[in-house]
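Chemist: Spelled out from the first residue to the last, the chains are:
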Amino acid sequence: MTSRWDVERFGIGPMATPRQADVLLVTGYVSLKTLKRIIRTYEQMPEPKWVLAFGSCTVNGGIYWDSYNTITNLAEYIPVDITVSGCMPRPEAVMDALQTLMKMIQSGEAGAYKKYKENYEYYKANQDRVLKKTVPILGQTPKNDLEGKNEDAKE
Amino acid sequence: MMAVLRVFLFSLFAIFIGLLFMGIGRKVIARIQLRYGPPFYQAFLDVGKLFSRKSITHNFVMDLGMVMSLGGLLATMLFVPIAGHVAVKTSTNLIVIMYLMAIGYLGMAMAVAASGNPNATIGVSRALTMMLGYEVPFFTVMLGLIIVNGTSSLELISQSQAGSILNWNMIRFPLSFIAAEIALQAMMGEKPFDAMIAPAEIASGPMVELSGKYLGLAFLTHAVSIFVETAIIVNLFMGGASNIFTFVLKQFEIYLITVFIEAVFPRFKIEQAVKFLWTVPMGIAVLQLILILLK
Amino acid sequence: MIELLLVPLITTLSIAFFIKYKRVTWTLFLASNGFILYKLYSIYGMWSLSYSFNTGYEILGAKFNLGVSNNPIGWYFAFFSALITLIISIFSIGFNKNSKSNVSVIWMLIIFSNLGIFFAKDWVTFFMMWELMGWTSFFAITNGKDKALDGAKYYLSLSLFGAALLLIAISLLGAYTGTFEILPSAFGLLQIINSSTKLGIVILLLFLTTFIIKSAIFPFYMWPQKVYAEGPEDYITFMSSVMIKYGIYPMAIFIVPVVGSVNLPRILNTGNVLQYVIGYLGAISAVLGTLLAIFQTDMKKLFAYSSVSNMGYILLGFSSMTIVGFEGSLFHVVNHMILKAAIFLTLAAVVFRTGESEMHKLGGLVYRMPLTFMTFLLGIIAAAGIPPLNGFGSKWMIIQALMSKKMVVFAIAMIFASTGAFMYLFRALASIFLGQLPDRYKEVKEVPLTMAVPMFIMMVIMLLVGVVPGVVMKPLTTALKAVGYNVDIASWTVLEGSLKNATIDLKIVFYMFVAGVIISGLMYFFGNKSETVPQEDNYTAGEYPEEWGVDADRFNYSYSFYQPFKEMFDPLLESISIDDLFASVGRNFEYLSTTIQGLFKRGEGAVLLFSIGVLLLILGGLII
Amino acid sequence: MTKIFILSSLSLVFVGLYGVLTRKNIVKILIALNIIETGINMLLVAFGYVEGGITPILQSDLSIANLDKMVDPVPQALVLTSIVIGLGTTAFALSLAMRYKDTHNSISIRATDEEGVNV
Amino acid sequence: MNSIVFLVVIPLIAAFLSLFLGNLNKITMYIVTLFNLIFSISVFMSGKIPFNVAIGGWKAPFGINFVVTDITIYFLLLVNIAALMSITMVKDIKEYQFYSFYFVLLAATNGMVLTGDMFNFYLFTELSTFAIAGLVAYKRDRLSTGAALKFLILSSTASLFSLSSIGLIYKTLGTLNFADIALKLTKLNQASYNLILILFLASMLVELKIFPFNLWVVKSYEGSITSVNMFTHGMLGTAGIYGAIRILLIVFPNMYNTNISKVLVILSVFTVLIGEIGALKEKNLVKVLAFSSMAQMGIFMFGIALGSFESIKGSLYIVVSNYLAKLVMFIVTKQYSRAVDSKNYIDMKGLGRKYPILAISFTIAALSLMGMPFFAGFWGKFSIVISALSLDRLSTLGIAIILIASVIEGVYYLRISHTFFVEKDVNSVNISRVYSIIPFALALLILVVGIYPNSIEQMLFNVIDEIKNAPNKYINIILSLK
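Heads up: the sequence lines are chains A, B, C, D and E, in that order. Be aware that the first sequence starts at 1, since it is given in our numbering, and climbs by one per residue. Be aware that the second sequence starts at 1, since it is given in our numbering, and climbs by one per residue. Be aware that the third sequence starts at 1, since it is given in our numbering, and climbs by one per residue. Be aware that the fourth sequence starts at 1, since it is given in our numbering, and climbs by one per residue. Be aware that the fifth sequence starts at 1, since it is given in our numbering, and climbs by one per residue.
Treat the hints with care, since some could be wrong.
Distance condition first, Cα-Cα at most 25 angstroms in a straight line; then the derived BS3-like pairs of lysine-lysine [said to hold, decoys possible]:
hint	chain 1	residue 1	chain 2	residue 2
1	E	K424	C	K147
2	C	K226	C	K145
3	D	K69	C	K601
4	C	K145	E	K281
5	E	K283	E	K424
6	B	K89	C	K601
7	E	K343	C	K147
8	C	K147	E	K354
9	A	K114	B	K54
10	E	K48	E	K343
11	E	K26	E	K184
12	E	K187	E	K171
13	C	K97	E	K283
Since the hints were made in silico from the structure, they are not lab data.
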């Protein structure tokens, strides 16, 4: 993205920490474990922040739509401003998406981060429902927790 | 009153030139990598954006530290003679400049360590080790020039090189110029010696917790440090120009050299960097020193 | 003049009497320090004041009498150490509220010997006060705690060894010059060196070794870190800031004038052999002190080595043998006194509240003890020699002197040491105050008022001396002029260097710094508002450290802070270790001691040894 | 003539000294000590000897005449007291040796004096 | 003034009577010692010093005479004061032997100091070592019997040597009177002079605890009870020092141009070294004091052997400081070891906190022994150092070693006084306060001499002046009776 397609000429560049970033690019399928990290990273980004969902996996789960440990729609968990469709979309598509995002920001309509703040409970409920399963079990594996898991799968 | 105005003017000028150099620098690197690169005013845009964003802080030390770091570097800048005249009529002593620069780094280090993020503290420990690394050869170079000119005031040293290009220190003492160049590379934290920023290893090192205006202040500090360091090298080795324009041009030449080196070199490990700094530039500087002492 | 020495004695006795009531003893201690400071202030300028006590003991044909005279440089040292001691004694009222053993009795005796050393008229009085200070500080360091014994024993054997050398030197000097007075004996030593150089050099080196031991210079740099880690913190503040100067004072009044004016073979026509000896001792202890300080984990040991490197700077200043260098060193004596007292007061406050002195066990105390943090921060900036504060002036003058005399190696060593200082000073700041606050210190409170006031005073002094060095330089230059050096009285804020137009006006440096801070402050307020975030909320690549059992202690990066740097120097530090040398000497003595005990335990060889003795006598008498 | 007396008493002294140094048994040491003592006493008397002298007793007018040929009586007086001292010391030492036997249950001088350690 | 003889006669009579007195012994002991002390003080006050008493009317060179000059009266006072202080330490002793031995010791030591005749001096030395051996054996256990026996064997061989030297003196000079010997010795040829000196020196050095001769010191100190230790140190030691001054300095003055003084210097340096290093690892407090007294005597002998009047004055200061300090230390050791009933100083942790006066006086005594300024020992060490450095290379090396050794002494003494002040609550222990009066008084005395040496400077000046012009001062007092 950066050297061959020179996205830097639009002033766009990769930043090492969410603190310094404006746009969160979520690429590839989102498993439950990564969702937990995404939420934390999203919350660590200062205002105003935007999310670009990349590829069909984040929009509707893509080819992993029926897998037990991925989520199908990222928008339920964190507000997404703009999505790029295509199973691994072309770099030009991403650059175009970013430029349209810039225009949307200029015009003021891209404000998803405000939504996250207003109905935070809705997002929180969705997140908790999913994230119950990802608590790391250090050492022992409690028996009752395992039964809980397969009811979920059945549901 | 005049002094306050001059101080304010000099600071703005320094920040402007610094950001300009950064922008052009990124453009030059892009060109080297066969791509267009951001517009030259990109640095101004970034700083503007950063100052408009919200930001997070851990405790009052972060705010105090960042303000102190930019303040320190601006104070250093006020002591460097720019094209012959200084902000406030005082002696531009090299030792004072060297110690004042330390405020900048100490302030930044304090703010960053206050965030409690281990990446930041690792970055700072590398930065300070690197500082010890480049400070020694740089001072040896300065020592040589001070002994030759018999004065430690930067103004007198730059005036001693007036006249044709032949009696520039760069020509009279080529070895110390090379050593100073390498040390400058490390001083600015450019590519071969940027183990402290190292985005891949420690998530941009000290800047990991800086967001919004703190990152903006860090950008400005870096800009002013570029301006100050290049100004020192110009005064020391290229005779300090008579008018501002040639002075800035000379500064840009120096900055270009560092950008060229930065574009092509991979990163040193921190102890490799210090070992390198203490052998190669230090060796050259000591050689030059011996030549000076023998003369 | 006499009441200056009598008051500490009387207070010692009265404190010993009231030893049970802690509050009474410490207020008495404070009162007497206050009186001493006032008295010193009142005798400023009266250089002819003196008092002598006739002991009636005949030596070298004359009745010896203990003499105390108000010499200018002695006054300079005594006044500033009295000032610092007063501030520390305010601090130690609060500090000793719940400590079992009371160190004020011994401490008062040390202050008596301190005044005696600075005002001694002749070498024997100097030696008596020196030796008194030696053994009293042993008791002060141990202060009733057994774990402090081996550090204190190491210190005691060194200081007694030093005193033995001093006694030999004084007797040799007395025997050859016929007088014990300090000034005439300096001229006497000059004649001896010029006439029979070997003997003169031996005497001078004997004097030098004693003073080097007491000021922890290169060969004897190991004892501060053993002693500072063990002693009671408020006394250690006094010891590390004031007592380490006892070696410097006699160097200033005796060694430097003699070495400066003796005609010995000169090297590179910059200085004679002895100057280079002093210089290299200073340079090595500066560099070694900094390196070892970087690798310490205990905060008190770290600052012990920082004192060693600061003493190195002072020696470097002496070795340049220029007026600027000499002034710079004496100015650094007071600067170091102030900043070291500030730093150790904060350390004492930290130990008082947390009881912990290992740096990797501390962290994040800025949240709970902001005032202590501010004093520590100013102390760090001053110790690093950064302009607005007081450390810079003296370092600047010393470097100027070294550069003007083209002593290149010493200048580079000085810069290496002072840049290295940033490393360990910042490490201390980061590990103790910044970073994550462990849960056990969550309810640590700020220090009580009696301890906060001295810290605040120290902050003010550091800033004052930093911006207006005249406060210290004026009395210093008047003292030097009174002694006889041709020096012009320093102005309030301008410091003169020795190179061409090398004068800096610290006032302007301060204004520039303030201007810079104002401009960046404007920039700061120009930006959007920021909201504070709890300390756990850090970028850790999305992870939740608490879930993986990483508590605040393990999350802080402060255990092996400069690990890569340490690996570079490990082979060097392993090879030269003076400490093993002294330890092996100690072991040999103890091994010998057990064999002798064995010999005397059996005891049946008595008659055999008796006859051997007789044979020896016969051998001596009849044959040789 | 007096040479022989001095040499013989000196040899006695050296025999006694050899005995004290080498013997382990305390009683033998004391005996050797007495040998030295007698040797020294003989030496003292030998010092007072005058060639062809007569006993220094003033009992008849005859002896007052040749006073100078009389042997010097003073060392003999000294020897008297030193014999008494020698007796006293040996008696006391022997009583100590008896108690030494009970406490160290060995008569050799090498026995250690530490409690409980009996070599 | 021939009542001076009572000083020797009365204790001897008391020695015989003690068999029958049973439990009256303790009181008679106090009476006799007090008599001796008061008598010698009255002689000291009477100002008729110096005078000479011919025993049995026989004139000087022939009969035995008691001589009282400045040196004698000072040492007499020292001996009797030490006696008085040591008997206060005697607790519930019923056996009469102890008292008779004590009386003999008292008589013998007073005799040694008073006598002016060589054989008489030998006699009293023999008596005192005999009495000390008896007192050491008082405890009747394994340690004390072994110590007493070995001490007896060593001291009797030594006295035999001095007997032979007396014989030699009589053969060559024909007289046994100190003054007469001093006069005639100058005319003697070198070889026999050396022989006499060596034989006499051998027996003297045993008492003066100099290295090859002092193997008995540690054992006898360890084996005996505290009061006997104080007897050995206070009375026998002081009398031995008097003997050294009187005989080595006045009778054998030109010892200094023979090499014997060089050997003495080396031996005394060795003694100091052995004494200090020996004490370094020593746990038992009494043995530490034994080693330290050996070292102090080594320094004293070093001062004497150097020969210059400066160093002799120094060694006299050392004698005063050692005399006072050791008395204090023995008393403190006794109180503390009885309180914790173990002689090991580590078990005495924290006692200083409960009984500070005892610990402080112990520390003051230790500091004076180390030669710290403001204490009596410093002036001694200082003048010895000055005189040693201005002499030849050997003495400079010697004084350097001695100073290093006193560093070691400093370390182990202050370590002991540190253990006294360690924070440890010892409330199960009780020592009656009355015992802290004597040590504190002596410690104050040390402090006074340390701060204002002028107090005893005058006395030492008389001693030095008497040694300096020995011929007319001492000799014609005795021979004036001709």
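Chemist: Compare the structure with each hint and give your call.
Modeler: Right, here's what the structure says about each hint:
{"no.": "1", "hint": "K424(E) x K147(C)", "in the structure": "holds, 13 angstroms"}
{"no.": "2", "hint": "K226(C) x K145(C)", "in the structure": "holds, 14 angstroms"}
{"no.": "3", "hint": "K69(D) x K601(C)", "in the structure": "violated, 55 angstroms"}
{"no.": "4", "hint": "K145(C) x K281(E)", "in the structure": "holds, 21 angstroms"}
{"no.": "5", "hint": "K283(E) x K424(E)", "in the structure": "holds, 19 angstroms"}
{"no.": "6", "hint": "K89(B) x K601(C)", "in the structure": "violated, 82 angstroms"}
{"no.": "7", "hint": "K343(E) x K147(C)", "in the structure": "holds, 23 angstroms"}
{"no.": "8", "hint": "K147(C) x K354(E)", "in the structure": "holds, 21 angstroms"}
{"no.": "9", "hint": "K114(A) x K54(B)", "in the structure": "holds, 14 angstroms"}
{"no.": "10", "hint": "K48(E) x K343(E)", "in the structure": "violated, 47 angstroms"}
{"no.": "11", "hint": "K26(E) x K184(E)", "in the structure": "violated, 47 angstroms"}
{"no.": "12", "hint": "K187(E) x K171(E)", "in the structure": "holds, 14 angstroms"}
{"no.": "13", "hint": "K97(C) x K283(E)", "in the structure": "violated, 36 angstroms"}
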